[in-house]
Amino acid sequence: MDINMTLIGQTIAMIVFVWFCMKFIWPPILHALEERQQQIEEGLAAADKSQEKLVEAQAKADEIVAEARHQATGILDQAHARANEIVAEGKDAGVKERERQLTAAKTEIEAETNKAREELRGQVSAIAIASAEKILKREIDGKAHDDILGKLAQEI
Amino acid sequence: MAAEGGHGPQTSGEYITHHLQNLQACKNETGEWVWNQCAGNPMAINVDSMFWSVFLGLIFCFLFWRVAKASSVEKPTKWQAFVEIIVEFVDSSVKETFHGKSNLIAPLGLTIFVWVFLMNLMDLVPVDWIPMLSYALGIEYMKVVPTTDVNITFGMSIAVFLLIIYYTIANKGITGFIGELTLHPIAPPLKGAGLLAAPFIIAFNFILESVALLAKPVSLSLRLFGNMFAGELIFILIALLGIWQLPLHFGWAVFHVLIVTLQAFIFMMLTIVYLSLASEKH
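Residue numbers (our numbering), protein chains in the order written: chain C, 1 to 156; chain F, 1 to 282.
Quick caveat, the hints were computed from the structure, so don't treat them as lab data.
Among the hints, erroneous ones may be present.
Going by beta-carbon spacing under 8 Å, a handful of chain F positions derived as facing chain C [said to hold, decoys possible]:
#1 M50
#2 S53
#3 L108
#4 E180
#5 G251
Below are the DMTMM-like pairs computed for lysine to aspartate or glutamate, each with C-alpha atoms no more than 25 Å apart in a straight line [what the hints assert, rightly or not]:
#6 F:K101 / C:E34
#7 C:K23 / F:D91
#8 F:K69 / C:E34
#9 C:K23 / F:E84
#10 F:K78 / C:E34
#11 F:K69 / C:E119
#12 F:K27 / C:D2
#13 C:K23 / F:E14
#14 F:K78 / C:E35
#15 F:K75 / C:E34
#16 F:K75 / C:D2
#17 F:K95 / C:E41
#18 F:K95 / C:E34
#19 C:K49 / F:E74
#20 F:K216 / C:D2
#21 F:K78 / C:E42
Some residues of chain C that are not near chain F, with every Cβ distance over 10 Å (derived) [stated by the list, open to error]:
#22 P28
#23 H31
#24 A126
Just so you know, even glycine gets a beta-carbon here, dropped at the ideal spot from N, CA and C.
Modelling step: build the complete structure from the supplied sequences, incorporating the hints.
Quick look at the structure:
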């Protein structure tokens, strides 16, 4: 239990071991530890950030869907309106066409009627003239009474 | 049983003294290296203490260096995780106590903690195994627990002591160091008639503070030595009890595990505390 040179030997050994630890053991291990801490920190931050981004993207997507829905409704409304318009236009056109055809038919009928009437009138007057001629051949000169006969034919 | 083991019939006293004897080497008067004839020779070396201390230090360095060399950030091995627990534990202890910036104190703490722990742990090897094996190999004495050798603990505390002085001077200057030794705890008067008393006050302070300073390494080493020596002695005494040593040895070993760890921790913690005191400005 005497104090001897072991004391110096142990001091030297300790200095060497501490130096070795300081040089080759402590820095790499602590570096790995700190780097891992940093990585975990960064990972958590990135996770937070992506969570935020997800929420943002969700909101954006909702917005886009709402916009699209809105647009679709608009388009649908427009389409309905246009369809109504087309139907109305068709109706209008039908009515007009019908009226036009009706008018045309009426005009034609009138024209035919007039024509028939003219013909009839001509024939009647011719018959009247013929019969009057036959009657009057005996008594009156046809030429002298032509104006009266014309008036008669007009009245018919 | 163990009392009769090894080398012929022994009394209990002989057995105990044999176990407490270091394997020593020194030069005798004729300049030759001799074994075990060195009592009182200040130039002797306790070969067994030195061997086990350096051997365990190398084990520490090797195990930790292997982790340090291959330390991986993403995929730590289990052994790396274990080493990192110890490193982190030492690192947090240092950060709690020492507020300056130093590249030395944390590795110093780690080395002290693990090394002292390993040296103390040798106490749990049954007291006769290695000495009897050595005896069979022709080595007469073998003390396997280096921390039961006062030279070893003093050797470490002297290194710490040198660091305390270095840190004090590095942080407070040589004047600060002298001032710390002489101007506390009683501040010497600077003017008037009290000036006459100043040298006495300074001398008084110096004696007081020197003792306080020297008490640090002495208490540091004697605490460790005392605990481990007493523990070792009790193991030796238990080994004398025949078959009853089995339960007793177990009980004391369980208790001793606490002492082994605690003393290693205390040595490390006090080193850190002393060094932080040395580098803090008041």
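Hint check results:
1. M50: holds (5 Å)
2. S53: holds (6 Å)
3. L108: holds (5 Å)
4. E180: violated (24 Å)
5. G251: violated (28 Å)
6. F:K101 / C:E34: holds (16 Å)
7. C:K23 / F:D91: Distance ~16 Å between K23 (chain C) and D91 (chain F) Cα, so the pair holds.
8. F:K69 / C:E34: holds (16 Å)
9. C:K23 / F:E84: Given that 25 Å is the threshold and the Cα spacing comes to 17 Å, the pair holds.
10. F:K78 / C:E34: holds (18 Å)
11. F:K69 / C:E119: violated (131 Å)
12. F:K27 / C:D2: holds (16 Å)
13. C:K23 / F:E14: Outside the cut-off at roughly 46 Å; violated.
14. F:K78 / C:E35: holds (18 Å)
15. F:K75 / C:E34: holds (14 Å)
16. F:K75 / C:D2: Distance ~50 Å between K75 (chain F) and D2 (chain C) Cα, so the pair is violated.
17. F:K95 / C:E41: holds (21 Å)
18. F:K95 / C:E34: holds (14 Å)
19. C:K49 / F:E74: holds (22 Å)
20. F:K216 / C:D2: holds (21 Å)
21. F:K78 / C:E42: Between K78 (chain F) and E42 (chain C) the Cα gap is close to 24 Å, so the pair holds against 25 Å.
22. P28: P28 (chain C) is in fact no farther than 10 Å from some Cβ atom of chain F, at 4 Å.
23. H31: Non-interface label fails for H31 (chain C): nearest chain F Cβ at 8 Å, not farther than 10 Å.
24. A126: holds (126 Å)
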